[in-house]
Amino acid sequence: MTLHAWWTSFGAEVPEIGELTPVLSRELASLAVQGSLPGITLAGLRQSSESGHAAVALDVDVERPQDLAHPIKAVEPVAVIFPFTEGPFSVVSLRPDFPDTLHQNWSPPGGPCALCIDDRPWAEARLTVSAQDIAHRIQRWLARAARGELHDPAQPPDPLFFSSQIGLILPAAALVEGQEPIELAGMIRPDNENLIISRPAVPNDPHPPAFTVLAFQAEPQAMARLRHAPDTLTALAAELEPHGIRLIDQLKSRLKTWKGLGPDHVRRLSTRLAIVVAFPIAVGERPGVNDVRAFLTYDTAGDIGVALGVLYANNTGVGDKRGYMLAFPEGAASSDPSRIEPAQVHFALNRDLAAAVAGHAGPDRRRAVLIGAGSLGSQLSADLAREGAFEWTIIDEDHLLPHNLVRHALFATDIGAPKADALAHRLSGLLGEPVAAIACNVLKPNDQAAPKLAAALKDADIIIDASASVAVSRHLSDLPDVAARRVCAFFNPAGTAVVLLAESADRALTMRDLEAQYHRFILTEPSLARHLGTDGPGVRYTGSCRALTNRIPASNAAILSALAAKGIASALADDGAAITIWTLSTTGKVQRVQRKGAAVTRVSFGAWTVSYDADLLDRLATLRHAKLPNETGGVLLGIADMSRRSVHIAHALPAPEDSRASQTGFERGVADLAGQVSAAVAATLYQLRYVGEWHSHPDRASAMPSSTDIVQLLWLGQELENEGLPGLMAIAAQDGHFTFAVSGAGLTDAGGAS
Amino acid sequence: MTAKLTFHPLGNADCTRFDLADGRKLLVDYADMRNPEDPWDRRIDLPTELKSDLRAAKRDYYDVVLFTHLDDDHCCGSGDFFWLDHAAKYQGEGRIRIRELWVPAAAILEEGCADSARIIRQEARYRLKKGYGIRVFSRPAKLKEWLENNGLTLESRAHLITDAGQLVPGFSTAGPERVQFFIHSPFGWRQDDNGIIDRNQDSVVFQATFLEGSRETHALFMSDINYDSIDQIVQTTRRHKREDRLRWDIFKIPHHCSYLSIGPEKGEDETKPTPDVKWLYEAQGQPRCTMMSTSKSIPVKGSAEDKDVQPPHREAANYYKRVANMKDGAFKVTMDLPSSSKPKPSTIEITERGATLLSVSATVGAASVISTPARAG
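Protein chains in written order, with this note's numbering: chain A, -6 to 747; chain B, 206 to 582.
So here's chain B without its partners, still in its complex pose:
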């Protein structure tokens, strides 16, 4: 079995499933955005989709669920979908268990959050206190403080914490899973300096490196960070001379194709990147790479959507498209695959030939069988 990454059409929101070579399943973010009241909502019914995949694999859990940060478009509806250990009301038949929950330290420390963010925070805090099934990224001073306030020490929880610049334990390109995860962000010091939590900039950024045969394939997941955070990551990585950690074949475009992840000015028709961002895209992108924008369709110039301040931004997309063309690669939007009228989950397969965005192999003839029919009475 080779690894597959499956992106879900959720509008401006994220949920990517990693099916590893050894059968393990990881979920990066979970945002159930569909409005069931609206028959025209083209966003996918995420819980149904994920559950049929799990049922087809005869399992009721994910090995890992990573919330890159706690904004609604990355964790909406989690309280209805997952089995959570911290409160009985999140337990019951049909809920999906999480063997290991991965969160940024900000998700533990944040105060005053509500809804799904609060539910995930409570679950993360519960697991960290109990000392199982949790991995926390970065160790700002406040985390030590929080642990001490709860009668614990940083040392007793150190094995559950991974800092930026480290590989996540338990995954190796030499093991049967043939993948490793390198953490780029969050930086502990950043939060120490700022004192307050900025969810987007303190979100988890990672590089997954897959090995098939002798071919390494790199996937860079940049959550929702902005150009200045990318600048920091690039500068830090280059200072350590670990440019290979920013090489990418697959790129999860940050922040639903916002221009602010490229540069400070939107630009007339194309956003101009900062020098570090330019290096990341233009020097580090590999031939025939795939860039995936987890967003709505890119607006047409002059349309109402184009005037909306919210992403996706046409100007940003134009820059990404130029990079994709330069690399003979592809810039794709989750809500446009395979067609904007009927978006479906898209899968990237990783083989010894690198990454392939499946368009024919995955669908022809198989679609009818995999999808659950409606009901019959």
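If we strip away everything but chain A, and leave its shape as in the complex, we get:
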């Protein structure tokens, strides 16, 4: 097969895997060469020092049904592109005629199709990324494409994503079908240059707009989406031609009507153009959803008119020099194409925010740092501030967008402003004193923000993590030299419950430990069986593109945020660690369940750290005791963090009923086990996974592994190698003696007589 021309044009061929710069690219290539990735063959290595990227070409065997949803081949050539410095990788098809499917990213014109195998933000993805995981994701993406299962029906129609820095807010009225497209003027806020706010153009506008927005509606037709982002007007016109839009002719006729020397003419002609195109796409049976794309010109409307040969600049010396005159006869269009760049379209929302906040006063001048000024963070901080609580520092990197308004404490007047600044301003109004704001990404603060952030965290008494990000929570947990007690609040995906994790005041129990214990709580507390239920609309964990936002009613968010605010106040009144969950029923009844944190032990095994807690040991002891005098055992579930090489053992399952147990041996059965494990994994929304095996030793036997245990541990190591994890085994013996062993990395005796 002829490969996409991009491949040979990218950098230079690399003869040896060892010469690739990115670590992950070396791992991926080595595993492929060793044959450790079934169905994947290494096809080439290239690297470009100029762009700072390495690419690994793979031939991927695709699991295909006979009747294909998309013409996916039995073997698909792809390339995985890794940046030299740690960062997100991308996957492109090296087949020039790769079909149009859902869940592709935009690529430059003439570039290869980009597969969206993982759309999680890199900060999240890096926690679990491994070469094996990348390979599995590519295989699963292609298998789902072949079966037509890339699209999750619960998901809104999901167009191609593109990562434009620039956003354009568009009133929904701009694209009402059957109406003439209206002329809109685009303004840029001084505090956010990356967002263009558009509204209908008005004559004699006192604030001259930067853009004139032209909206077009494409004709409905199959496959009516753009897969490549055109970078010139000519290229865009060529893309739009099949969709019934003659862009150049339309532009010419509009520009001709704009000619003149009056203020409105000058206003229009001296702005840049924002060309907005709505592509109606059908997903399954549902028709008529628009995929809206925007393209910004670099040149002004007047200059474009000149380039198209319909206008000439007013050089007559009469009238406004910024005006343009009609060229007659029409000149030839310039051969130099006018450059454009894509922008992300955000629709303006027209909804009110319902804030149900009740409060009573209680002075508290402790210094609190709030991470995350989203729905929960903004509301709980507003609640607490209304109660007079805390000297706040607000940290958030986002800017407020229209869709945030449905559940946010901020209002439409702050649209486009940094959330941290806007929320700080609002809290400041409530408290009558200044509130600090640092608009930055807590994981990657820029040089300017980093010292401020470090100082705020160091000085804090309390850190409230409302980021709803596992990555942020773990990062905060790990920060050295920050003594403040951390609390973390988040909603469940269905928006029916709020969870509050509070570290102990002495930080003997950290957020990482509580994360594991939270998942065990879900599995062992019967009333939490549906806690992370995924059958309703909400977060999907298909490993592919996700919806922009969860569907949580503002009323739920408000109630749950207020409960979290109340919970933070009471958690801080107690020095112990606790996990508290409030669940809202459809009738409005609230159920609260709480579990105290269990003491944690952390052990290093070579590169890996294994953590377990007193409740897990209790459970192992109880399960062991119930089967005495025989041995027993089962599967261990836990959290694996690839970036930190840590495993938190969270839960132990009892022996399957077909296990064979005697006083001298135990062989773990399989009956119903796959079902139980996947149910537990699904119940924790794929946060917990299979991490190893446990078994008991009889009374009077030591907890040290026997020779058969060592053989079993080696077997576990081989099985889990495919998942990038070490083999892990726990042994429970008499009188509270336990051993934890990791393949190839030794073992530890955990705890003496209790």
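Calculated from the structure, these hints are not laboratory results.
Computed from a predicted model, the values in this text were never measured in an experiment.
One or more hints might be untrue.
Unchecked claim - Simulated restraints, written as ranges between beta carbons of each label pair:
hint : chain 1 : residue 1 : chain 2 : residue 2 : range
1    : A       : Gly658    : B       : Arg304    : 28 to 38 Å
2    : B       : Lys526    : A       : Asp471    : 50 to 60 Å
3    : A       : Gly526    : B       : Arg444    : 58 to 68 Å
4    : B       : Arg304    : A       : Glu142    : 32 to 42 Å
5    : B       : Lys477    : A       : Pro114    : 54 to 64 Å
6    : A       : Tyr679    : B       : Asp513    : 40 to 50 Å
7    : B       : Asp533    : A       : Ile181    : 45 to 55 Å
Even glycine gets a Cβ: it sits at the ideal position worked out from N, Cα and C.
For chain A, the structure is supplied; the task is to place chain B on it using the hints.
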């Protein structure tokens, strides 16, 4: 639940499990070929593998076990694995019961057989005499004779016999199992003509037709027959204008990829098919079909294995690969899946999109949980 076919890596030997849409389990052949003394033997530990699947499904029996014929590579070790009714020594805890045993008539009539073949013959004879839990394929004159010698009549056992050209009773694409079995071979008359039993040529050849949604998926299982038997089957089927009975989406390649199942001459690099064989493969194979060779890896040209007279034959594989490419399908070898260094059972899933050989869906993340760990003391 959709139907799944699971092939086991056993070297040149067969064992395929059918998991039907209604939960019924059928086993086509059982040959435990692994040498437990040899740590380098890559063939799967078949009894352990099958038993863990049964335990995971909480059952201790197969609804049907079909022995296509009684060669060792299709029934080896059966006496150690199955619960057999005809003698107490084949009964006991841990043995797997057979609700219905399916055999060709040759398996009843054969004289002088030994080992596993004899054990299966005795069990089949016992069940046929008692008149339960048995299905016999074809009714040569000798079967009538055998029944009469045992004080029975052909009429009293007719309901337990299925001839070539018939569907096996009890299975229908309209029922919850959504599958039917059409029998192509053995032919009763063939054995009458020859007088002696030729196990391979008198083996059971069948087409399974699965229905999911409105999609029919056909699996053709050709046991160990040769090109001349295939010619006969093709000619007979076409004479009856039942070409659809030879349509296939999944093909269990006959005789571990022997060239003799394609044509009389091995050929230099590719075996040339007889016209009927060519029609069966090239006209009847459906787009993106899967061809499964239950065999060792295909030898490299000029290697010691290549010079071995035993299959698999490289020249035959080259022909099959050409057919697979023509159909945008796949030619696969059980001992090479998912990798030749660590072969594991391979599953074909049948859905309303036809057949899919599972490579990622079946394995990722699930493997560790399904397989029983070694021991812990």
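What are the numbers of the hints that this structure violates, sorted from low to high?
none
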